[in-house]
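Model the full structure from these sequences, guided by the hints.
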Amino acid sequence: MTTLPDRDRTALLVIDVQNDVVADNHDRDGVIARISTLIDKARAEDVPVVWVQQNDDELWRDSAGWEIVPELTPRDGEPVVHKSYRDSFEDTDLESVLAEHRVGRLVVTGAQTDFCIRSTLMGALVRGYDALLVADAHTTEDLTAYGAPSPELVIAHTNLYWGGQHVPGRKGGTVNTTEVVF
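If you read the sequence shown in my numbering, its first letter stands for residue 64, the second for the next number, and so on.
Hints were generated in silico from the structure; no laboratory data involved. Any given hint could turn out to be false.
Stated by the list, open to error - Here are the in silico distance ranges between beta carbons for each label pair: (1) D120 - G232: 35 to 41 Å; (2) D205 - P68: 40 to 46 Å; (3) P68 - T241: 29 to 35 Å; (4) A162 - S213: 34 to 40 Å; (5) P231 - D120: 20 to 26 Å; (6) D119 - V230: 27 to 33 Å.
Note that the Cβ used here is the ideal one computed from N, Cα and C, for glycine as well.
Given below as structure tokens:
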């Protein structure tokens with residue numbers, strides 16, 4: 064249902080699954096295992112897997128903490144998008160990567176739920192993409208010391224509001240890993 068012309072393909076977007084980003088996140092190992100399952104399924108179905116890596120003053124490019132977790136490895140030829148803002152589209156080449164692959168629908172996974180996941184989902188929707196969030200394949204850290212809800216509640220709330228998200232000609236939605244259809 065995307066509003067982007069000639070964009071009939073789907074891509075799996077793997078956002079910020081980097082050592083320092085997910086080190087202490089809620090259900091880290093389970094989320095990474097589910098993302099791995101989705102990557103395998105996407106590759107088997109010839110669906111583009113697009114990786115996103117955050118670089119900023121706290122997460123230096125090429126540092127050990129910046130690296131994608133060892134459980135997940137981009138294949139040669141799979142695009143890796145480098146970003147400095149929460150929205151993976153902002154000041155990156157993500158749009159051109161997706162256009163090159165004729166992608167109009169995104170299946171979104173990764174971290175942090177309350178920052179980069181939410182921002183990228185909304186960024187995709189306003190740019191004309193359909194954006195499906197994999198409800199059990201995103202995670203966040205515990206920021207309760209700063210007044211945030213617990214990670215479980217952040218994840219549940221994001222799944223709740225994104226499940227019904229839609230605008231003219233585009234839609235959001237949520238599914239669990241086992242329900243993903245590329």
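Checked hints:
{"no.": "1", "hint": "D120 - G232: 35 to 41 Å", "result": "38 Å, holds"}
{"no.": "2", "hint": "D205 - P68: 40 to 46 Å", "result": "43 Å, holds"}
{"no.": "3", "hint": "P68 - T241: 29 to 35 Å", "result": "32 Å, holds"}
{"no.": "4", "hint": "A162 - S213: 34 to 40 Å", "result": "39 Å, holds"}
{"no.": "5", "hint": "P231 - D120: 20 to 26 Å", "result": "38 Å, violated"}
{"no.": "6", "hint": "D119 - V230: 27 to 33 Å", "result": "29 Å, holds"}
Hint violations for this structure: number 5 only, all remaining hints satisfied.
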